[in-house]
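Undergrad: Order-wise, the sequence lines are chains W and S.
Oh and the first sequence: position 41 is 41 in the working numbering, straight run, nothing missing.
Counting from 1 along the second sequence, just add 409 to a position and that's the residue number in the working numbering.
To be clear, the hints were calculated from the coordinates, so they are not data collected in a lab.
Source: prediction; values computed, not measured.
Hints may be right or wrong, so weigh each one.
Said to hold, decoys possible - What follows is a set of in silico ranges between Cβ atoms, one per label pair, in the way DEER data are often shown:
(1) W:Cys-29 <-> S:Gly-648: 19 to 27 Å
(2) S:Leu-439 <-> W:Asp-200: 34 to 42 Å
(3) S:Ser-520 <-> W:Val-5: 55 to 63 Å
(4) W:Gly-145 <-> S:Phe-446: 33 to 41 Å
(5) W:Ser-39 <-> S:Leu-651: 23 to 31 Å
No residue lacks a Cβ here, since even glycine has one placed at the ideal position from N, Cα and C.
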Amino acid sequence: MISAVSISKVFRLYKSPADRLREIVFRGCRHTMFTALQSVSFTVRQGETLGVIGQNGAGKSTLLKILTGVLLPNGGEIRIDGRITGLLELGTGFNFEMNGLDNIVMNGMLLGMSRRELADKKAEIIDFAELGEFIDEPIKTYSSGMVMRLAFSIAIHADPKCFVVDEALSVGDAYFQQKCMLKIRNFRDNGGSIIFVSHDLNAVKILCDRAILLDHGRVVIEGVPEDVVNKYNYVISRIRKQDASTRSAPQGGNSYGSLEAEIVSVALVGDKSGSNTVSSGETVAINVDIKAYKDIANVTVGILIRDVFGQDIFGTNTFHHELSVDMKKDTPYRCRFTMPLNIGPGKYTITSGIHSHDTHIHHCYHWVDHAESFEVAGIYGQFYTGICRLSPEIVIKSVDKVSDVSDPF
Amino acid sequence: MKISLLMELARRDFTEKYSGSALGALWSLLWPMVNIFIYTIVFGKIMSSRLEGVSIPYGYSVYLIAGIVPWTAFANTVSRSATVFTDRKNIISKVKIALPFFPLFIVISESVTFVFTMLLFFCILLVTGNPITGKIFYLPLIYLAQQLFAYALGFFIAIFQVFIRDLKEVTNITLQVWFWFTPIVYVYNILPDFAEKFVRYNPAYLFVKAYHDIFVFDAVPSPRHLIVLTALGFSILFGAHLLFKKLERDVRDFL
């Protein structure tokens, strides 16, 4: 079990390191304070996985460094009855001129393994890393994936009480990542504790038993991953709103058109999350706010959802729903598209257009690419893989007679 | 903490520098070897330098080597310890290791070189017809006192070096000046009076003199000198320890 009891860390920022000494000698104040962590407490029990999420700069890395003992906290204490290892950075203390075997010894010892342990586990480590003959080659000849494999293999075989999983794991290829995850699950099932630090909210929901959300060095919420992720979305959207206020035009890319009417803003809100990070299957509302600068009849409003590769995932407009709006000069209108968002986890953008007739080719008033972005993290209801949910009905029956085979139902 | 890790770090210290080269760690032993041969041949044979009042064969060479070998161990320990935290930043900022370890592995690796060079020196003594007396049993004592002093000094500077990077150069220059202020190349007697008094307060003189006593003058090293040196070593170490207690957090933050 690991427990952190009100850990605080304050960095004093100096213009030059020598100022720290001047301060001691002359008793002046030559620094500005930066509070990285503020009474952070949590426990991770045996066999438990704790997720740590937070934006960049929320204090995740500092927390990890304090956990591993690389940095000393200003207050509070860490209680660990054993080793804590992880991939904090690839190949800690690896010497790229030396071969894999020598590096296993050095790295293992740095992690606190004894010669005896190393001798026992060497074969296992090499075997798991799947380096084969490369083990006798200098590490500089390795690919980054191979270095990662070696580093992971040493770290997990060092018999830690707690294993820290972070983004470094994503260097490996899909096959090895899965192998790692399997190993990590085994480790957990055997009573190991895991601290999982990631931006992948989906993974946090799937893998963790509990999670904490760090924001500006504080634990904002601790609880089941679902709640914590939702809170995280809220924190992010708060920042987005600040961003939005400083920008008059809708965010993002290309925008063009005759501008007789204009798209003022496009926003997606999930009914459960209340933000633009939603779960697959959640009902969402996409609000398109528009305004015309003269009276226009029969305006069509459309939206188009694209994935990160720019592929069109889904698009529709009011014309296809036999709707249109007659816009009055200077009156704001809002067009709302409400739907269950049955698309797979990932990041998406919304493009929106207002035009006449069925497509913007006829007469385009305004078209905005990437007017809004959102993320689908996690899945409501039955699990599925892929880019969309097709909601199959499934029946299983035993097939008795040969004549049934063609259509037993 | 763990001896095995310390030994591994020291071993690495030897092999890493020359990894990829055919002779590997042998290179670090070749250097002192070449130096010793140069001193013996050039000063003993070609220049036939003599020491006043010393009648042993190759007198000046023996004098020179007896002083230079321990000095090299001392100076290398200090100068390499001084920068060890910044040099090993990549390890210190990733893994939890007690920081006082780092100057310690340098002491060990320098000791290996020292022992090897000393053995070589013994061979030279035998070949040139110098007797090796029982007084060499004082060697470990002198060496321990000397390296305690070197470790303490190196550790002390190393802490400051994290904050003031210039200390690396300052240390090297100081060591260079210090070398010439210590009777290693020249003899104590040739110094003018005022300098003689000055040299007596030189801690390096305390141990260099002891080596000279053993190898050149066939005398028992002064116990007073060794006690002073050890006391000095311990007091600096104590100071370094206090400093470290106060600054460890900052040292780690800055790395």
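Undergrad: Just pull the numbers of the violated hints for me, sorted ascending.
TA: Hints 2, 3 and 4 not satisfied by this model.
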